[in-house]
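Asks: Line by line, the protein sequences give chains V and H.
Residue 0 is where the first sequence starts when you use numbering that gives the first Met the number 0, and the numbers rise one by one after that.
Residue 0 is where the second sequence starts when you use numbering that gives the first Met the number 0, and the numbers rise one by one after that.
Where hints are given, some of them may not hold.
With the Cβ distance kept under 7 Å, some of the chain V side facing chain H (calculated, not the full set) [as the list claims (entries may be wrong)]: (1) E63; (2) C239; (3) R240; (4) M244; (5) T245.
Chain V residues, not near chain H, derived (Cβ > 10 Å throughout) [claimed, not checked]: (6) A26; (7) S40; (8) L64; (9) A66; (10) G95; (11) E124; (12) T179; (13) D190; (14) P198; (15) A199; (16) D223; (17) H242; (18) N243; (19) G246; (20) V251.
FYI, nobody ran anything at the bench for these hints, they're computed from the structure.
Everything numeric in this text was worked out from a predicted model, so none of it was measured.
We put the CB at the ideal spot given by N, CA and C, even for glycine.
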Amino acid sequence: MSDDAAHNADRNDNTTDFGFTRVDPAAKAGMVRGVFDSVASRYDLMNDLMSGGVHRLWKRFTIELSAARPGQTILDIAGGTGDLAARFSRLVGPDGQVILADINAAMLEVGRDRLIDKGAAGNIEVVQADAQALPFEDNSVDCITIAFGLRNVTDKDMALRSMLRVLRPGGRLLVLEFSTPTSPLFGKVYDQYSFQILPAIGRLIAQDTDSYRYLAESIRKHPDQDTLLEMMEDAGFVECRYHNMTGGIVAVHQGFKA
Amino acid sequence: MTQHDPALLSAALAGAERALNQAIAMAPTSHSELNALAGTLLGIEITTLELTWYIEMVTGTEVRLISHCENAPDAFVRGTLEDFAALATSDDPAATLINSGIELEGSSASLIALQQVISRMDIDWEAPLVEVLGDVVGHQIAEGLRRFFRWSEGAQASLKRQASEYLLEEGRLTPPKPELEHFYDAVQSVAMRVERAQNQVEKLLAKAASRRTSQ
């Protein structure tokens, strides 16, 4: 099934993906919560091991694209362990505000502790929130980032519409997410890595093969670059574009609210 | 146009930014001068590599290197890799900047101010050594390094002077600087005279043409 077809199926039938398994949409949030409860305490370490530290460079470029300025309000959805929020906190300064939001309480707890340890405080608010129904006022945020979070959301279209509502006119959304490698040969190597090596690392470090297998599977089920671009345009974002990174393993999509 | 992987450029800039900020942290005497430049944004484009990046002075102790910027920089310099290498190794950066193919847009004042602060920067290499190795060993190593750098600076200057003397006096392979400057002046003077003569000839031809049409 092509990504388009898969995406349409997501929209039309009454089940949704949980990795390679089809599940009841109402159950997906709980299952994803289970995965992240399991990996929360070792999430950053695992990210470093799995990506060779490259996830920090992907996030660094996303922060550059945000063009965050002092005084702005930035919402970091699925902000988990707070590495983007810590950087935004310095960029927006004491007159700005950073909202670290995540649906998972265990991830937020780790994130809040990390931010305090880094001395990032005063302009950061921590909120447990569902990306599909953001508990914020309309037109209240200058920039929204969601890094490695959208693929875990049950209804991605609903989440994108919710983000558009919260953004101020002229505000931007940045979606950093695993995507589809641009070279088929590189894609095959990446597949081997994802389904053989990644779960093995998960077993060794976090004693949790299943959660890391889910992470690999969820990456494959996530819409490719062009499909996600189309979804953002359908949700109402304008001037949408994306940048591939590391051969398309990851892409950062950008869209603005008119 | 070549599409660079943003992650690769981010890696290079992250490494350079870290090194720069560590160097600044070890040069406390420059902090107040750098603080005066806070908010300055400089853009650099290396045309040979199709690379554009920006230097942002955040505070007196923090520099940010970024590959994407939406604000207009205070100054923007554009040139080839060779042009920038020549500028970096030049004894007279101002003259090299004028004579090279480097294009400058915006205010040159901020660029010159930053260059001056960097040239005056006195990095205290002893502090991190003392922190790791202790006062006695750290100071001895730092002293040894200082002696080595002083010797290497002297040796470099001496080698340059001797090579220059050999090329001028012994080998007679290059002309002396005054002779070269005199030659350039003469060439410029001839060029100006030719230009004047060309203008006069064109004026005379135009006059002759207008006479012919009036007859």
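Asks: Please go over all the hints and tell whether each is borne out by the structure.
Replies: So, going through the hints one by one against the coordinates:
A distance limit of 7 Å between C-beta atoms decides the matter here; for V/E63 the minimum to chain H is near 4 Å, and the interface restraint holds. Below 7 Å, beta-carbon pairs count as interface contacts, and V/C239 has none with chain H, the closest being about 17 Å; its hint is therefore violated. Hint status for V/R240: violated, given a least beta-carbon distance of 12 Å to chain H, over 7 Å. Proximity of V/M244 to chain H holds as hinted, the smallest CB-CB distance being about 4 Å (cut-off 7 Å).
With its C-beta approaching chain H no nearer than about 5 Å, V/T245 sits inside the 7 Å limit, and its interface hint holds. With 10 Å as the threshold on Cβ separation, the claim that V/A26 sits away from chain H holds: the shortest Cβ distance comes to roughly 35 Å. Separation of V/S40 from chain H is adequate, the least Cβ-Cβ distance of about 26 Å exceeding the 10 Å criterion. Not every CB of chain H lies more than 10 Å from the CB of V/L64, the least distance being 6 Å, so the non-interface label is violated.
A cut-off of 10 Å between C-beta atoms contradicts the statement that V/A66 is not in contact with chain H; the least separation is 5 Å. Every CB of chain H lies more than 10 Å from the CB of V/G95, the least distance being 15 Å, so the non-interface label holds. No beta-carbon of chain H comes within 10 Å of the beta-carbon of V/E124; the shortest separation is about 24 Å. The claim that V/T179 is not at the interface with chain H holds, since no C-beta of that chain comes within 10 Å of its own (minimum 15 Å).
Every Cβ of chain H is farther than 10 Å from the Cβ of V/D190; the closest lies at roughly 20 Å, confirming the non-interface assignment. Separation of V/P198 from chain H is adequate, the least Cβ-Cβ distance of about 24 Å exceeding the 10 Å criterion. The Cβ of V/A199 sits about 24 Å from the closest Cβ of chain H, beyond the 10 Å cut-off, so the non-interface label holds. The claim that V/D223 is not at the interface with chain H holds, since no C-beta of that chain comes within 10 Å of its own (minimum 18 Å).
Against chain H, the non-interface label of V/H242 is violated: not every CB pair exceeds 10 Å, the least being about 6 Å. Here V/N243 does not stay apart from chain H, with its beta-carbon only about 8 Å from theirs, under the 10 Å limit. Look at V/G246: its CB is around 7 Å from the nearest CB on chain H, not clear of 10 Å, so calling it non-interface is violated. Non-interface status of V/V251 relative to chain H is broken: a Cβ of that chain comes within 10 Å, the nearest being about 8 Å off.
Of the hints listed earlier, those the structure fails to meet are numbers 2, 3, 8, 9, 17, 18, 19 and 20, in rising order.
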